[in-house]
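A.B. asks: Using the sequences and the hints given, assemble the complete structure.
Read top to bottom, the protein sequences are chains X and S. Just so we're aligned, residue 1 is where the first sequence starts under my numbering, counting upward by one. Just so we're aligned, residue 1001 is where the second sequence starts under my numbering, counting upward by one.
If you're looking for bench data, these hints aren't it; they were derived computationally from the structure. Quick reminder that beta carbons are idealized off the backbone N, C-alpha and C, glycines included. Be a bit skeptical, because a hint or two may be false.
[What the hints assert, rightly or not] Chain S is faced by these chain X residues, among others (derived, beta-carbon under 7 Å):
{"no.": "1", "residue": "LEU65"}
{"no.": "2", "residue": "PRO156"}
{"no.": "3", "residue": "ILE255"}
{"no.": "4", "residue": "ALA390"}
{"no.": "5", "residue": "GLN644"}
[To be verified] Listed below are the simulated EDC-like cross-link pairs for lysine to aspartate or glutamate, each with C-alpha atoms no more than 16 Å apart in a straight line:
{"no.": "6", "chain 1": "S", "residue 1": "LYS1121", "chain 2": "X", "residue 2": "ASP396"}
{"no.": "7", "chain 1": "X", "residue 1": "LYS523", "chain 2": "S", "residue 2": "ASP1247"}
{"no.": "8", "chain 1": "S", "residue 1": "LYS1336", "chain 2": "S", "residue 2": "ASP1279"}
{"no.": "9", "chain 1": "S", "residue 1": "LYS1200", "chain 2": "S", "residue 2": "ASP1229"}
{"no.": "10", "chain 1": "X", "residue 1": "LYS523", "chain 2": "S", "residue 2": "GLU1248"}
{"no.": "11", "chain 1": "S", "residue 1": "LYS1121", "chain 2": "X", "residue 2": "ASP172"}
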Amino acid sequence: MNTQVMNSPAISPVSIDWRANLKRNQGLVLSVGFFALLILVTALVNGRAPSYFGISMLIASATTLALAAIGQSVIVIGGGLDLSVGAIVGFTQAMMVMYFTDLGLPPYLLIAIAVGFGMLAGAINGFFVSVVGLQPIIVTLATMFTLQGITLLILPQPGGLVPDELMATLLDDLVMDVIPGPVVVLVVALLVWGVIKKTSLGTSIFAAGSDSHSAQLAGIKVKTGVWASYVIGGGFYGAAGAFVAAQSGAADPLIGAPLLVSSLTAVMLGGTLLGGGRGSAIGSVFGALTLIAMVNLLLALGAPNYLTAGLEALVLLLAVVINRQAGNSSESEIRRLGLSLKQLGKSVSSGSKGVAPAFRLPSLQDLIPKTDRKFILPAWIGMLVLAVVAALYYGDAFNALRYVDRLLLLGAFLAVLVLGQGTVIMSGGFDLSIAASVTLCGVVGAMLMNGSDIALLWAVPVTLGVGVLIGLANGLLVAVVGLSPIVATLAVGGILQTLSMFVSGGTPSGDAAPLLHWLVNGKLGVFTPLSLLIFLFVLGGVVLMSCTTFARRLVSVGINARAAMMCGVNVRNLTIGCYVISGLCAGLAGLLLTGFLGRASLSLGDNYLLPTVAAVAVGGTLITGGRGHYLGMFGGVLALTALQILLSGTPLPPAVRDITLGLAVMLAVIFLRDKAQR
Amino acid sequence: MKQLFTRTTSTLPPLRRLLTPFVMGAALMGATLNTQAAEDKLNVYVSFGFYGNTWMEQNRNMMEALAASKDYKDKINLKVQVVGNGDPQRQSQQINAMTEAGADVIVLYPVSPTALNRAIKNACRRGVTVMTWDSTVTESCATNVHADNKLQAEHQAQWIADKLEGKGNILMINGLNGAAASDDRVKAAKALWSKYPGLKVVGEVEGKWSDPVVREEVSKFMAVRSWNDIDMVFAQLGCYPVYALQDEAGIADADKVPCAGSAENAERLALLPADTKVDGASGSYRPMGIDGYTFEVGPAMGAQALKYGVDAKLAGKKLDHDIVMPAKVVTADNAKLCTTADFADLSSGCNTFSPALAPNPETSTAVYSEELPQLNLNASLTGTPEY
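C.D. replies: Right, dumping it as structure tokens:
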């Protein structure tokens, strides 16, 4: 086939075009193929063809996710990433249902209002990303907290009423028993993006995501493109909000939470690669359909319940691995997300041998380099300010020793995890599997120690070993297979969730060993042992991340992986090493949390993923990699914990606490912004 | 010309691809009549919106035990599914798929009171009996088997007001912010306390109905408070961590701040006199002689919803939209240790288990229903019926 193409001069331009088109749209073709295969397999297992009812309900169930995924893919194409997707969907449906549905407005106006609020929220994200120049992950994390809080303020529990006309508009069959309403919604949404794509605005979004520097030189308004991607994405989230409200007949403040992971998975299943510049909204729609259709397959197979998360993760991995072979990772992807390090690892790091000693005794200058101080100090100052506020606010009830002890103890778990997340982030990566790793390690550790101190002798090494294996799996997927860190760690996280369920059989068993329990809950004078031991850990972390060859290579890789490779750094092994450290830290945190709670639980790590990112950023680390100091991160952990402690004791409604947390994170990163950079 | 061609390829095929499956589906619809109607056992599907804690595990075990019991094993075919990620879209689709697969009864733990309505309505239209337990849905064709959260919280709040004689500081451990069950209880309790100017809510933490979360959030709260500043804890769940934290703070049982909450075995055990001999008691999982309060909601409720649904389907009856179950209250006055925890033992009024019978302190004690003689504590732990 290939030779024929080469040899035949008479090949028609149309067929070349067709082949190029296919190659360019491989992700899309695959996602459609995947969906069709899934429907086929389900039909075979069930022994019956899908009915109109079945297909139309499937599409209706998938439409909210599909609309959110279209929005997410626009933002990903523009080179960003949006963690606030679920929060914006929840916010728009709450605004529409609480303030507008009872005004008797026509359905289209209601939809437009929801879309408008989505675009407004997107515009805020876009402003901070494109104009202020902050990292998308941190900006959208902060807006996520803030919007969740606002949603809870206006809608403390499910309620409101959606007019029947809106439901009819969005959900009723366009042609009875031939075209379901949701199909029309999706087609209209895709057409809207299809039109925008062809305009100069669309070009600037694609350009912003591919090579923003060259695009800028070519006269394309890159900043506008980035901003527009968030506004347009927000508009689609608003549509998702209107749709889900119509589907429910009311608004539910918690409706958006599961959309974050699902929308990212749908986007990646749809063949849109993280990193920007390429992607298709149609693919995302089919990605969403695939995710929802998997429910049917699992039911048809009678699959054990714990398989769901793992199976989805495997499908995601499969889709991305097949997909990856078509696309060559661009330089921008490497820079932004540390992708495709396969080639980079091939060079032997001979250059760095003998240049610097692997380790030397650190001086203060090594421990806290002058250049880093301005990024380290703010978090500590923030922590002190919060402590003083707490002391003033609580007056007589405030006991300084107890406060310090609790602050250190509650911060300790996060501090351990942040060393791992921080290392990975400094290398230009990201570890989304942390929560699931902590849980699995806790479950395994509790089972092995089973209330016995002697069992710690093997429970601790085995648990930490599990952590190392998890890290190795992440590292290999990123550095050898060449997957984007977000995809790899998201998939590994899903598989670990299934493993935790499988290992524990649904309820984790075994108590924490008394020694471990004492370490985290006991008393040495006024202090908890862990509150003191954490200082040893911090010292170790600072030395590791500031005074070793590893640290210097880490910084060089984070700044520019290719240049580091040229200088003889084995980028591949270093990247794997970062994930292994993260896995090890997750293992340790899993053990400590098991000690803290007395036993393991399947939600052991759930509350720790986003705080690790927030603490890393508040601690002055550059989320794109290359800059960071563990003392700063530890300060970030303490500041965050101090803020949580302060808020937890105030009479502020919970919603306001979320808003405060979001604003604090945003303020911190605005303050820490390095104006010299980009 | 070429330009035109590429344009059409990039917009038309996706449309066609979108349309093909259901055009095909519509054509085949006539051939897909329900093939499973001939089977004589009822197809019963259970959809768990959440999974992964002891309470849910016990619910599932009790349902499976009921389905395996002599009374039901020839009548029903039980299939249990879990929704990944607590996602309403996926649960909607699960309901659709169950309906399509020929379900006769669907029993739901709904993730949202509203988001599943359309799928539920469709299931009802096709003759499926739809039941929920504990959490409710607003769709009127479904039957909610649940406790009256508002009434339950008022009773709990009144007990606290009486115990404190209208004066004192209260720490509230709430459920999940944004969930109706949590919000209703918080509002009901606060409304009741507003009649007592001496009662003061000094703090509210979000416990998310999970012991680990409660432990962490209360720890944060206590970093700036002393247990001396609190007179009573009002918990939706999580009295066990409250007692454990006080143990670690070195507070003697006689001085512990009492807690009113739901009925995990550890908090029930804490109500027994401190000198009670109990097999396997250790750490904070032991009798403490605390003058506390516990209310029971589920896990027998899941099996009850299953039973009601199946019985109604078999009898061809239509159930009401709401079946309100009483939330039984146990205080130090009527806490009683079980010996075997089988149905006869439970019927005699025992309500507390030794750690030897229930090794997990989070085990829910609400495993007894006089309507379910097939079930007992063991059924809730292992999924095997009493007979």
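A.B. asks: So, for every hint listed, does it hold in this structure?
C.D. replies: Okay, the hints, checked on the actual structure:
no.: 1; hint: LEU65; result: 5 Å, holds
no.: 2; hint: PRO156; result: 5 Å, holds
no.: 3; hint: ILE255; result: 6 Å, holds
no.: 4; hint: ALA390; result: 6 Å, holds
no.: 5; hint: GLN644; result: 6 Å, holds
no.: 6; hint: S/LYS1121 to X/ASP396; result: 58 Å, violated
no.: 7; hint: X/LYS523 to S/ASP1247; result: 12 Å, holds
no.: 8; hint: S/LYS1336 to S/ASP1279; result: 14 Å, holds
no.: 9; hint: S/LYS1200 to S/ASP1229; result: 11 Å, holds
no.: 10; hint: X/LYS523 to S/GLU1248; result: 8 Å, holds
no.: 11; hint: S/LYS1121 to X/ASP172; result: 14 Å, holds
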